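Participant: Use these hints to put chain B with the ligand onto chain A, whose structure you have.
Protein sequence lines, in the order shown, are assigned to chains A and B. Counting with our numbering, you get residues 19 to 177 for the letters of the first sequence. Counting with our numbering, you get residues 2 to 427 for the letters of the second sequence.
For the record, the hints were derived by calculation from the structure and aren't laboratory data. Since this is a predicted model, take the numbers as computed values, not measurements. The C-beta atom is built at its ideal place from N, Cα and C for all residues, glycine as well. There may be inaccurate statements among the hints.
Okay, the calculated beta carbon distance ranges per label pair [claimed, not checked]:
no.	chain 1	residue 1	chain 2	residue 2	range
1	B	Q150	A	H37	48 to 56 angstroms
2	B	D336	A	H37	35 to 43 angstroms
3	A	H37	B	R22	26 to 34 angstroms
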Amino acid sequence: MKLENMYQEIILDHYKRPHGKGLAEQFDSEVHHVNPTCGDEITLRVSRGEDGNFVVSYDSLGCSISQASASIMFDQINQHDFDSGAAAVDHLVSMLQRSVEPDEDILGDGIALAGVAQYPARVKCALLAWMAWKDAAIQAGAESLSGTKISSDSNKEQN
Amino acid sequence: MATLDVAAIKADFPIFKRTVRNDQRLVYLDSGATSQKPFQVLDAERNFYENHNAAVHRGAHLLAEEATDAFEHARANIAGFIGAQPEEIVFTKNATEAINLISYSFLNATLKSMRGAELPKGAERFVLAEGDEILVSEMEHHANLVPWQELCEKTGAVLRWIGLTEEGRLDLSDTGLFNPRTKIVAVTHQSNLLGTVNDVAAIVKLAKSCGALVFLDACQSVPHMPVDVVSLGVDFIAWSGHKMLGPLGIGCLWGKSEVLSAMPPFISGGSMIEVVSMERTTFAVPPKRFEAGVPMAAQAVGMSAAVDYLNAIGMDQVAAHEHMLTQAALAGLSDIPGLRVIGPESSVDRGSAISFVLEGLHPHDVGQVLDESGIAVRVGQHCAKPACLRFGVQATTRATFYIYNDLEDVDALVAGIYSAKKFFGV
Ligand SMILES: Cc1ncc(COP(=O)(O)O)c(C=O)c1O
Numbered sequence: 019m020k021l022e023n024m025y026q027e028i029i030l031d032h033y034k035r036p037h038g039k040g041l042a043e044q045f046d047s048e049v050h051h052v053n054p055t056c057g058d059e060i061t062l063r064v065s066r067g068e069d070g071n072f073v074v075s076y077d078s079l080g081c082s083i084s085q086a087s088a089s090i091m092f093d094q095i096n097q098h099d100f101d102s103g104a105a106a107v108d109h110l111v112s113m114l115q116r117s118v119e120p121d122e123d124i125l126g127d128g129i130a131l132a133g134v135a136q137y138p139a140r141v142k143c144a145l146l147a148w149m150a151w152k153d154a155a156i157q158a159g160a161e162s163l164s165g166t167k168i169s170s171d172s173n174k175e176q177n
Numbered sequence: 002m003a004t005l006d007v008a009a010i011k012a013d014f015p016i017f018k019r020t021v022r023n024d025q026r027l028v029y030l031d032s033g034a035t036s037q038k039p040f041q042v043l044d045a046e047r048n049f050y051e052n053h054n055a056a057v058h059r060g061a062h063l064l065a066e067e068a069t070d071a072f073e074h075a076r077a078n079i080a081g082f083i084g085a086q087p088e089e090i091v092f093t094k095n096a097t098e099a100i101n102l103i104s105y106s107f108l109n110a111t112l113k114s115m116r117g118a119e120l121p122k123g124a125e126r127f128v129l130a131e132g133d134e135i136l137v138s139e140m141e142h143h144a145n146l147v148p149w150q151e152l153c154e155k156t157g158a159v160l161r162w163i164g165l166t167e168e169g170r171l172d173l174s175d176t177g178l179f180n181p182r183t184k185i186v187a188v189t190h191q192s193n194l195l196g197t198v199n200d201v202a203a204i205v206k207l208a209k210s211c212g213a214l215v216f217l218d219a220c221q222s223v224p225h226m227p228v229d230v231v232s233l234g235v236d237f238i239a240w241s242g243h244k245m246l247g248p249l250g251i252g253c254l255w256g257k258s259e260v261l262s263a264m265p266p267f268i269s270g271g272s273m274i275e276v277v278s279m280e281r282t283t284f285a286v287p288p289k290r291f292e293a294g295v296p297m298a299a300q301a302v303g304m305s306a307a308v309d310y311l312n313a314i315g316m317d318q319v320a321a322h323e324h325m326l327t328q329a330a331l332a333g334l335s336d337i338p339g340l341r342v343i344g345p346e347s348s349v350d351r352g353s354a355i356s357f358v359l360e361g362l363h364p365h366d367v368g369q370v371l372d373e374s375g376i377a378v379r380v381g382q383h384c385a386k387p388a389c390l391r392f393g394v395q396a397t398t399r400a401t402f403y404i405y406n407d408l409e410d411v412d413a414l415v416a417g418i419y420s421a422k423k424f425f426g427v
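Bound conformation, chain B alone:
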């Protein structure tokens, strides 16, 4: 079994030097919301500002050159992390913006085509007609649901969704959901609520049989397991830097070159142009077409340092470590009377996001008692209200694990739940 040197890893994360609530050690089980940052990431960002700060891709001076190099090196490094080419990586504010970038490409292509405006070659795939279909699943984060609802409302396309089995897996039995009107299938790689890791190959096969594009929400997969976009066979993925040890304020869209090239721009302005006159503008090739304005170079450098940090450990090791913790946590939780796991109860095809409810105890109260013992979990609907509804729960308590967690943290969680039950007398 793989074992990470968690003590050594923790020493890299300044936040673990502080204590919480009555001087207790911090048990951080909320990496699914955002991860903590090692000093290597913080230093990389600081070093950029201290030594190379300039607006990238603008200016002819030394600092602008260095800043541009640092930014483009970060892009290449991050691309390599998921088996992609640098020009296929678009930097965005976060995953949410990346998903909006795609949905707005559909909208913009549709609107421009109605007016006969010029579109990139191949943009027909992004032009929606009334009755075209967009397929999502019932386990999506609101970030991969609401933008598609909005798109449907504006274009007359129809939103359809893949339902869930009792165990919390995609129910792919209704193959009619994949049909010639399906333009894009947008599903998550790993559910942030249920922990389910979806069978991407099966989805890609069904989607390709009807010619649909496939978008994979990789927010909860890229930080936690090896991801290789070529073998996945999807058209796009998106994820956020802040959930993979990187800074806030940066995310990535990866798209196949030929797909990105066919997309009209989302946000427009400086840096994304080719030739501008008062009458009209032609646009740069991707990724610049999608990166209007002065980009977040320091954050890109920080995210690249996060990639280095994870590569040094090895993503296989990261996944194995989390798997070990997930198994231990599921075992510990399943012994607690009145506790119900929402999502797969076995650790097969499952990540470390574990949601649960306790009979007679509201998640907010559970979270409060855990917090009093220094244990940070997330409570509520986790931006996945439809999936909560599907399982008949108003909210859940969710623990998520990462490289700086160990079995002691799992024990603390289990003990904390027992004390919550005792405190409330259930």
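Looking at chain A on its own, in the form it has when it is part of the complex:
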């Protein structure tokens, strides 16, 4: 069954026992992203430390893929700076478009999401939390290492 390719054990583990779920009191920006066709929702907060890294917290509702993906996002990019987090988001997007080989160093357990690429309707579920992070980080004043401010209008497609 192809289904096991998408629903790997590790995905189901993240789904049943999500990492980092729960909203922090302190934050610099908060976003709420939804997937209106199926009702997945995430509220995500970031606060930007002195070192330029973002502390992430979130609360979410939705299908196994969106929930597992949020948990993996937390593992991979909590406490990262914008460039490193955004690179992970970009890598995930490319992986789901089947245009790169999954890189475990970048995505960690997220490489197990590669099977989602076979089910185009689920790609949005897998991206929800990561896009929310990118949006929140930009709203919190993310600067890339080169020092240029990033504009936020390129990230609205999830809304």
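Facilitator: Showing chain B with the ligand alone in chain A's frame:
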């Protein structure tokens, strides 16, 4: 009990010749979203393009004449299907556009009246004042909710709604919702989320007591049960061709003659006019007033073929068949541990749209496992988010049945749900 020859019906639908996901037979339980099409409909459309194609109501040549005839014959046939007169049928892109046609008639009448512009006779019924009320229900499809919200925002009218009982029926106990300020009551005939078939007579009685117009969203009723607009007593209905075996891209608004005549146009342009000068234009009588531009004649012909197809079976038979499947499905589903039906649990006053949630399993995941077994259902909020909220669910899985489904499909659904539970260990 009525029994349809489902095998013979299926043979008319080319889509059932293909297989899905690992060469399995297609179990199509998503007709509530859109139905499949029999070859009779496809052939009718193709025949129009191959033999009669021309812009209708324009041109003096033979093909234009034939195309116009085919188009107007389709209108008459479709009108007959719901007990209406041909001139009371307006073709639109879909039901959504038909509903917007009404809401924009209100807006346009209101704006024109503020400027003292000329309006059709009787248009006062469409002029809204601040504080006038529009009444919908909590079970509406977004198509019968958002246009009214928009209208309220632009005019200062107030949107009110009929709440729902635990069982998923309209709670008509607050009769104050129907009052002299109520200008239109817009409710669904059958809920696409809950399956509830509403008591139209009760709604019409309450609405008429306060002089309000009544619009019935018939998207989920006209394809599935006999509908006679005269005995319903409403002022308008709308539905889409694609949910009743017809083509995509065509829907209908039916309105009582005197009501349509009182409405200013929605979309303007060619074909909907009477006399045009550089200064001003007078408009054609309905239905042409509401059909600007070259219309979708091939789709009208296809939709008319769908009407013929359904008439040949008989709408009573269609309804009885679906009722039988609904009963079987409700029985099968109610045995599944952790399954909750959202909407009426009995088959009384209920259509075949069955929404449910499973403890510990998200609908999207249920749908995925079902899809792997070749079963197509819809998952999500079904364009009825407020009703989902009302029942405290984020999303549901929904199965809907039609003439090409049989008890084997019901069994496949039930078995599929068990395997989803097993797969996810719940
Ligand atoms: C009850 C109901 N109303 C309105 C609609 C809108 O129909 P359409 O999208 O064809 O305009 C639908 C179908 O999606 C429906 O089920």
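Participant: So, for every hint listed, does it hold in this structure?
Facilitator: Hint-by-hint comparison with the structure:
A hinted range of 48 to 56 angstroms is violated for the C-beta pair Q150/B and H37/A, which are about 39 angstroms apart. Distance hint check for D336/B and H37/A: the Cβ-Cβ separation is about 37 angstroms, which falls inside the suggested range of 35 to 43 angstroms. The hinted range of 26 to 34 angstroms is satisfied by H37/A and R22/B, whose Cβ atoms lie roughly 32 angstroms apart.
Taken one by one, the earlier hints fail for this structure only at number 1.
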